[in-house]
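Using the sequences and the hints given, assemble the complete structure.
If you're matching them up, the sequences are chains A and B in order. Position one of the first sequence corresponds to residue 63 (my numbering), numbered consecutively onward. Position one of the second sequence corresponds to residue 10 (my numbering), numbered consecutively onward.
For the record, the hints were derived by calculation from the structure and aren't laboratory data. Every value quoted in this text rests on a predicted model; they were computed, and no experiment measured them. Accuracy of the hints is not assured; some may be wrong.
Stated by the list, open to error - Only part of the chain A face toward chain B is listed, based on derived beta-carbon distances under 7 angstroms: (1) Gly-76; (2) Asp-100; (3) Leu-105; (4) Glu-164.
To be verified - Derived CB-CB ranges, DEER-like: (5) B:Thr-71 / A:Lys-80: 43 to 53 angstroms; (6) A:Asn-115 / B:Ser-61: 35 to 45 angstroms; (7) B:Glu-24 / A:Thr-139: 19 to 29 angstroms; (8) B:Ile-16 / A:Pro-101: 37 to 47 angstroms; (9) A:Arg-132 / B:Pro-48: 42 to 52 angstroms; (10) A:Glu-125 / B:Gln-12: 17 to 27 angstroms; (11) A:Thr-88 / B:Arg-69: 32 to 42 angstroms; (12) A:Val-74 / B:Thr-71: 19 to 29 angstroms.
Where a beta carbon is used, it is the ideal one built from N, C-alpha and C, also for glycine.
What follows is each chain in one-letter form.
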Amino acid sequence: EADIYQTPRYLVIGTGKKITLECSQTMGHDKMYWYQQDPGMELHLIHYSYGVNSTEKGDLSSESTVSRIRTEHFPLTLESARPSHTSQYLCASGGRQGGTTEAFFGQGTRLTVV
Amino acid sequence: GQQVMQIPQYQHVQEGEDFTTYCNSSTTLSNIQWYKQRPGGHPVFLIQLVKSGEVKKQKRLTFQFGEAKKNSSLHITATQTTDVGTYFCAGWGSGGYQKVTFGTGTKLQVIP
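What follows is the structure in structure tokens.
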């Protein structure tokens with residue numbers, strides 16, 4: 063079992079609230095990713111990082127932000143939640159810079175914005 | 010940017026029938042990976058292919074990487090109900106800061 067953790071697993075929150083989804087890995091991976099996925103559908107890359115102080119926006123336009131102050135921690139923040147943000151958010155990590163190892167996924171956070 | 014498409018999007022098969030999903034990239038890939046996501050779960054790594062024309066087998070699963078390194082396939086022989094899930098390919102681009110792009114996925118349903 064991979065050592066990558068997401069909290070919370072489930073979250074119901076009101077419109078306009080600010081939320082932070084946590085993701086931590088203990089494998090020392092440089093690369094970390096955030097995906098948004100509706101049940102059984104495509105994985106949409108929203109942010110990624112190749113290491114500390116490195117963050118990039120993914121292919122899906124998102125109103126979220128990320129930070130990478132420590133190798134093991136890659137939190138995702140929504141400044142003002144909207145019903146359109148309702149989805150599952152998956153964090154993944156994989157390998158070191160220059161390598162292409164497998165991606166390990168966390169269990170996901172299922173977010174509902176009411 | 011790099012796009013990775015999979016067909017079919019959905020497939021229903023009778024238990025015991027074979028199943029194939031195809032993955033096509035808009036650009037040449039340095040390698041390709043396959044993942045399986047069970048209903049309600051998260052994607053789990055199955056295999057990685059690196060060489061042009063490479064074929065790998067895992068029990069009833071056969072994975073192939075195209076000669077041009079732009080396409081791949083996953084074939085399951087004699088499907089079982091445990092094969093149910095969504096299968097994603099994931100392609101790594103070339104260059105210094107490589108990025109992985111997941112395919113659109115194929116959802117497999119196996120009818121007992």
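Comparing the hints with the structure gives:
1. Gly-76: At about 25 angstroms, which exceeds the 7 angstroms cut-off, the nearest Cβ of chain B leaves the hint on Gly-76 of chain A violated.
2. Asp-100: violated (11 angstroms)
3. Leu-105: holds (4 angstroms)
4. Glu-164: holds (4 angstroms)
5. B:Thr-71 / A:Lys-80: 43 to 53 angstroms: holds (48 angstroms)
6. A:Asn-115 / B:Ser-61: 35 to 45 angstroms: holds (36 angstroms)
7. B:Glu-24 / A:Thr-139: 19 to 29 angstroms: At roughly 45 angstroms between Cβ atoms, Thr-139 of chain A and Glu-24 of chain B fall outside 19 to 29 angstroms, so the hint is violated.
8. B:Ile-16 / A:Pro-101: 37 to 47 angstroms: Violated, since Ile-16 of chain B and Pro-101 of chain A (Cβ atoms, about 20 angstroms apart) do not stay within the stated range.
9. A:Arg-132 / B:Pro-48: 42 to 52 angstroms: violated (34 angstroms)
10. A:Glu-125 / B:Gln-12: 17 to 27 angstroms: holds (23 angstroms)
11. A:Thr-88 / B:Arg-69: 32 to 42 angstroms: Holds: the Cβ-Cβ distance is about 34 angstroms, inside 32 to 42 angstroms.
12. A:Val-74 / B:Thr-71: 19 to 29 angstroms: Hint violated: Cβ distance 43 angstroms, outside 19 to 29 angstroms.
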